[in-house]
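Fit chain B to the given chain A structure using the hints.
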Amino acid sequence: MDGLADRGPDAVLAAALLAVDPLGLGGVRLQCQAGPARDAWLQTLQALMPAGAPLRRLPQHASDDRLLGGIDLPATLAAGRPVLQQGVLAAADGGCLLVAMAERLPPATAAHLCAALDQHAVRIERDGITALTPTRFAVVALDEALPDDTALSPALADRLGLWLDLSASSVRDLPPVDTELPATVQQARQALAAVTVGEDIIQALCGATLALGVDAPRAAWWAVRAARASAALFGRTEAAADDAALAARLVLGPRATRQPVPPEPEPQEAASEAQPEQPPEPAPEQSADSTPPDAPPPDTPPPEDERTLQEIAELEEQVIDAAAAAIPAGLLARLASGETARDRRNSAGRSGATSASRQRGRPLGARRGAPQAGARLHLIATLRAAAPWQRVRRQIEPDARTRVLVRADDFHVRRFEQRRTTTTLFAIDASGSSALYRLAEAKGAVELLLAECYVRRDQVAVITFRGKAAEMLLPPTRSLVRAKRALAGMPGGGGTPLAAGIDAVAQLAAQVRRGGATPVVVLLTDGRANVSRNGEGGRLQAQTEALSAARALRALGGHVLLVDTSVRPEPAALALAVAMGARYLALPQADAQTLSRAVNGSRSGRA
Amino acid sequence: MSNTFPFSAIVGQDEMKLAILVAAVDPSVGGVLIFGDRGTGKSTAVRALAALLPKMRTVVGCRYGCDPDKPFCGTSKAALCDAAKAGRSALVPVPVVDLPLGATEDRVVGALDIEKALTQGTKSFEPGLLARANRGFLYIDEVNLLEDHLVDLLIDVAASGENVVEREGLSVRHPARFVLVGSGNPEEGELRPQLLDRFGLAVDVKTPTELINRVEVIKRRDAFERDPAAFISLWKKDEDKTRRRIVAARDRLPAVQVSDTALERIAQLCMALGTDGLRGELTVMRAARALAALDGAAEVSDGQIRRIAKPALRHRLRRDPLDDTDATVRVDRVLSERFAA
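Residue numbers (the working numbering), protein chains in the order written: chain A, 21 to 627; chain B, 718 to 1058.
In case anyone wonders, no lab produced these hints; they're calculated from the structure.
In this text the structure is predicted, and so the values were computed from the model without any measurement.
Among the clues, some could well be false.
[What the hints assert, rightly or not] Taking lysine-lysine pairs in the DSS-like style, the calculated list, with each CA pair at most 25 Å apart, reads:
| no. | chain 1 | residue 1 | chain 2 | residue 2 |
| --- | --- | --- | --- | --- |
| 1 | B | K954 | B | K734 |
| 2 | A | K504 | B | K954 |
| 3 | A | K504 | B | K1027 |
[To be verified] Examples of chain A residues toward chain B, derived with CB under 10 Å:
| no. | residue |
| --- | --- |
| 4 | I149 |
| 5 | V197 |
| 6 | A407 |
Glycine residues also receive a C-beta, built at the ideal position from the N, C-alpha and C atoms.
Chain A on its own, in the form it takes in the complex:
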């Protein structure tokens, strides 16, 4: 990796790789807050991109018309037939599309980006227009997600080759662009087509995906493309180990879901030590059932000799080491605490779930009316209304200059169905005082509700609180798959930080309401708080805080159901219910079915 040092740090190299192969790498996911470091990086990228390559900013809530292309109003009226106006995706052809606050991108917009990246074209079938506009661009997704925030759409993240985390970098880490670098990048761009990536490099990179638990097939592909771009950048005609290492750092490391070396010694480690000529098998999971590397696999020609095999093995180790160095710092801690990829995926789903309800509702077509008070003109419907009268109107007004004679009563406006989805937020007391079997009931109720939510397209979220703090176990979702996965690992035991739990659910309820959905809060607790907000014990302080949190929740408004899970009705729980203006329900022998019915009753009665 010494050879790479003279080109600057990885961040600069990432910009250079993207500039060498902007259309082949999909794009970059840039994780950091707005600031000088990010601006410096973007400037570097701009300096390295081909001259004249467009850099388009995608506004956060771009409408489909502007994103994909839509009706060109004046031209359509002048021509008397639908005329297409290109959208932002088509305009970014050959360059970059900059998406600020990418983690908040509405799922539909993210899906459009994905489709355009996949097909290298924008396909439109809307408002009387059918068009296919080829376009290829790199997406620069500025991912400003904080750990507890919504995350970038996983489908989009999967399609971005390079993942770069600048959140710990300062502007001093990004030296000004070397004056020769743009020219080098330019040369590399031309040489790229001739650069080959040998089978050993491909093997090593694919092996590394297994070792790091990177399951997305696209990741291996991006790594190969990145290695090729790197080889071109360093003036090689064939990708070398250094290129593979760089690709592993920029593509595979940030995507890793596990440490390459398992904590307890795995059988294949011992095997590789005992027989050094045998390449170590990379994936811990693979040790039992996969084909041994030295046995010729059925599809590939038998390896030439053991030396090559060992070389590949060494290469692979090198690649894995490089990737391991780029694994985000927090991952180790998360792995240790048992929160693995599941949690990342959960948070990743959040953007989809919450912003789905931010839509303005599904289009319901058009109705007659003037485009005023915020209503948008539905041009096609207007023209259709005007069409039958053209001959008659022309006879009345033979001198009219315009091609199409439109009267005020032809106007049609768009209609949207504003659908209020309901999001049921469960706050579950998972502390030791709530018996463990209560957790099982709560899980069952959540899953039952979720099954019903299919039909209504409603959402469910789960927050648990225990020990010292509250945790978002299941962000708002209607996916049964994700819910099951999240609930399966629900831990129990510890103190009762009731105030923290109520705070968390109140915060989520406010967020849901901002998103345009109606929150319904269901709090399952015995009301016996014993951990205060700052994580310390002390029953009195904890109870006082819980009551004040409950009053804050009441101030937010909305429907709250408090389910008392204690064996005998608990006065503290009743007091809490009164403080938060909740319906109180004592369910000493509640089973999942009863609970689900109760929640449904409260919802349908009030929502």
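Chain B only, in chain A's frame:
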């Protein structure tokens, strides 16, 4: 865009390829739903179909791609295709129509042709995507993100084989027989159960876990991107072979027998799994028959039923939210119970 990755060059994913071939042999199987991990070649497989399938004969000038032998596309079922009177026909690729996200209803079902209405003052129908997909495939990527009302409409048309348009003073009815193919990732939201049931086959795709497969995927894609034309010609032989297999299977299909024993087997299977209605039985029967035709068999055997049971039934099991067992596992379990004896 004209160069698409060859169908035969897709590494692994045998169940997905099998389901698509079965639907290509017998469209009455009723659509394919491909759900699973990202980047596993779902869209690649479907988009490769147009190049793979044998061309079909159509009436020249017919906007609905009428079959010259059965040229009925008028407003009533018996009305002849206007263009067929000229008696000219041509071979065209089977349409594989992509329904992009964000499509609006007017472009899907068809609408009044504005240009003609404004410039010539005539009322004429401008066919939509459903007309274009007639006799072919309609593909929806990210079907779980599509607007509900569009999905409802598509399923309805796919089931009836006819598109009825009543809007803007138009009253049009035209044939729209197509195989609906949907794909998506369940983590981004699930399909409503009543929609799941309308797809004939449901395939679950997973990321390959073996190193050799992963390497092979990369190598083939690399070769394809370097020189698409050379890659396609390298795979031409395999593609031709698959095409011949489809043609032969279509010819053989009407003659393939389904014995009473096989029907009983299928009914037992569905009863053991507790599927609702008869759609499960019908689909297994049709799909097993198409599979037998692909295999070159004269009669449906247990082997074909076993191979097709998972894609034909896994999405029809009644969901028990409290039972975590994967549907595929449940079908597998019943299969091994029923077929062990």
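query = Do the alpha carbons of A:K504 and B:K954 lie within 25 Å of each other, as the hint requires?
reply = Not OK: A:K504 and B:K954 at ~45 Å, beyond 25 Å, violated.
Discussion item. For A:K504 and B:K1027, compute the direct alpha-carbon distance and say whether it is at most 25 Å.
Written reply: 22 Å, holds
- prompt: B:K954 and B:K734: Cα distance at most 25 Å?
  reply: 17 Å, holds
Holds or violated: the hint that A:V197 contacts chain B, with Cβ atoms closer than 10 Å. For A:V197, the interface hint is violated, since the closest Cβ of chain B sits about 29 Å away, which is over 10 Å.
Would the hint on A:I149 be counted as holding, given a Cβ-Cβ threshold of 10 Å to chain B?
7 Å, holds
If you take the shortest Cβ to Cβ gap from A:A407 to chain B, is it below 10 Å? This hint holds: A:A407 lies near chain B, its Cβ roughly 3 Å from the closest one there, short of 10 Å.
Hint violations for this structure: numbers 2, 5, all remaining hints satisfied.
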